[in-house]
Amino acid sequence: MNSLLKVENLQMHYFTSKGAVRAIDDLSFELMRGETIGLVGESGCGKTSLGTSILRMPTPPGRYVSGKILVDGVDVIPLPEKEVRRNIRWQKISMVFQGAMNCLTPVYTIGRQMMETLNEHSDLSRSDAESLIAEYLGLVGLSPEIVQRYPHELSGGMKQRAVIATALFLKPEIIILDEPTTALDVIVQAQIINLLKKLKQQFSLSFIFITHDLALEAEISDRICVMYAGKIVELGSNAQIYGTQSPKHPYTERLLAATPRLFKKVEQLQFIPGTPPDLIAPPKGCRFSPRCNKAFDRCFQEEPPLIEIEPGHMSACWLHHRG
Amino acid sequence: MTDTILSVKNLKKYFEPHQSFAQSIAGTGQKKLIKAIDGISFDIRRGEIFGLIGESGSGKTTTGKLVMKLLEPTSGQMFFNGEDVTHLDKEKLKEYRRKVQMIFQDPYASMNPRFKIKDVLEEPLIIHKVKGTIEERTRMIVKALEEVKLTPPDEFMGRWPHMLSGGQRQRVATARTLILNPMMLVADEPVSMIDLSTRAEILHMMRDVQKELGLSYLYITHDLSTARYFTDRIAVMYLGRIVEIGRADDIIDNPLHPYTQALIEAVPEPATGKIDIIKELPIYGEIPSPANIPQGCRFHTRCPYATDACKNEPEPELTPDGEEHYHACRRAYEIQAERKRKQAV
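Taken in sequence, the protein lines are chains A and B. Take 1060 as the starting number for the first sequence in our numbering and just add one per residue. Take 15 as the starting number for the second sequence in our numbering and just add one per residue.
This is chain A alone, in the form it adopts within the complex:
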């Protein structure tokens, strides 16, 4: 497996009138070809910010502060916008935005909205574009006649399929999926997950799958990257996070304990008191320490480094440094 995307010490801050919000703070990871990496964490942990940063379109007032995003070995951050549009965005990396299916324009047909993407990013003739749209609609399990329909005539699942088809158009290698099933019912969610798995195999795609639902992440992600307050706190394979060994970082552990399980009847479901910190002035030491039930002196003083605790398994916790 070779590396497709490499994020190195990325810092992306939102420069607001109250100060810099350190949404992505010194974060590194690598995405391999044909791999799905899952980003999990509570809202406000920087999952979506990381997604848009990789696409080189951080939401204003967000700006890159330092670090690199290497796509095929080339850092995309200093590239001119024109170049990114021509060669990177949608060509190499595309994204299914959170709630994208609800952002379809109600006054245009599905076909016209899909055509827009092709007009913007390719030089296909109209008839070629039309046949391409029909082909991709077929791939995601929709009938080609849907191009004449308006968004309100389709169900949530159908709209999400159309949005996924649009993300596939230019044969990207990486697709960032931001909460692609959050607004959908369980059955439709399972159908979409099945579809994504099939597409991944067919086109040997790599996914970055963003969700807050650890149970869903277990279904699809080869590796899981747990984020907290703009940083990676744990990164491990599916088996390392969900297997019998159980996760190593207290945050992951508690997130998992807070996930309700259908077949495991528990008397008291756990929860994590408090909320993620204000990223304008993050707490001193470990950012999770104010909410952590295992925190000790050192946690409040120094920030723990992300270290490899077993092959391929990283975690940032001072507990690993204690005997």
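Derived from the structure by calculation, the hints contain no laboratory data. Glycine included, C-beta positions come from ideal geometry on N, C-alpha and C.
Facing chain B, according to a computed beta carbon distance under 8 angstroms, are these residues of chain A, among others: (1) S1102; (2) S1214; (3) G1216; (4) V1245; (5) Q1248; (6) Q1250; (7) D1272; (8) L1273; (9) L1275; (10) E1278; (11) I1279; (12) L1314; (13) A1317; (14) T1318; (15) I1331.
Derived pair list, reagent style DSSO-like, types lysine-lysine, alpha-carbon separation capped at 30 angstroms: (16) B/K108 <-> B/K23; (17) B/K356 <-> A/K1323; (18) B/K356 <-> A/K1259; (19) B/K356 <-> A/K1257; (20) B/K163 <-> B/K113; (21) B/K354 <-> A/K1256; (22) B/K163 <-> A/K1343; (23) A/K1141 <-> A/K1151; (24) A/K1065 <-> B/K288; (25) B/K145 <-> B/K157; (26) A/K1323 <-> B/K354; (27) A/K1324 <-> B/K293; (28) B/K79 <-> B/K106; (29) B/K132 <-> A/K1077.
Add chain B to chain A, keeping to what the hints say.
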């Protein structure tokens, strides 16, 4: 007094489709009724948490609105605390709403952003003309905030909604319902917009309040996992009908209706070893429109076990299976045997 607080009997709610003026004059418009609720019956007991489960379009929210009396039923009856509440005049309705309160899904939209928390909580007292001095009202507000564990109450009373997290807002929403001493709460997806990490916290709080005050809940959700954890009994809805009803554990561990089975199979579990598996779902397609309900058993178009009898014969009614467990599937036992055989292979 019985131990049933709410009894719903063969309730129906049909909506007329939208017609343009020209269509209504010419009589050319489609006259197909949208059968959102098509004859449901259930009882909620005193001190019970009753869960209503289903996909979007199954009619669970409409049921909640009917129970809240935000909608008038087309036919059927509803009894609350032994009294017929199917149709109420304005006075009686206000009295009813005082006893039956609602917690909404979106804690960001259900509160006036220009009201301080104190005003949010005082509003129901004003609307329902609860008499009392300022001190008495303040005491009621403090008590409600303490019940939902927003302490110290004095501090929270002066805050604005935007200063609170989603979880805290949902606590305020609960406090707002409690201030009128209701007997029953209708909670429509109260935790679906709240972060997973704090979802359990809100459910705990709601359950503590329920136990302490002896309330009954109608908990409407699409999330089976929280329903199992939170409710005593569950009714599974499909296209405006209840297809299975029973104790939460029985429904999850021993589902008899193929729709319930499909819902359960679709729920993701946080366990490893599933990345390469394409889940085989025992269900086809998506839920049909309630304007066009299939003939026979309304689930047959999506059911992998459907036979000609399911298509042609009249719809199966709820039939009992042991204690408190009812299902509406004519092939329930054959399907169960078939599934067991499959699992054994």
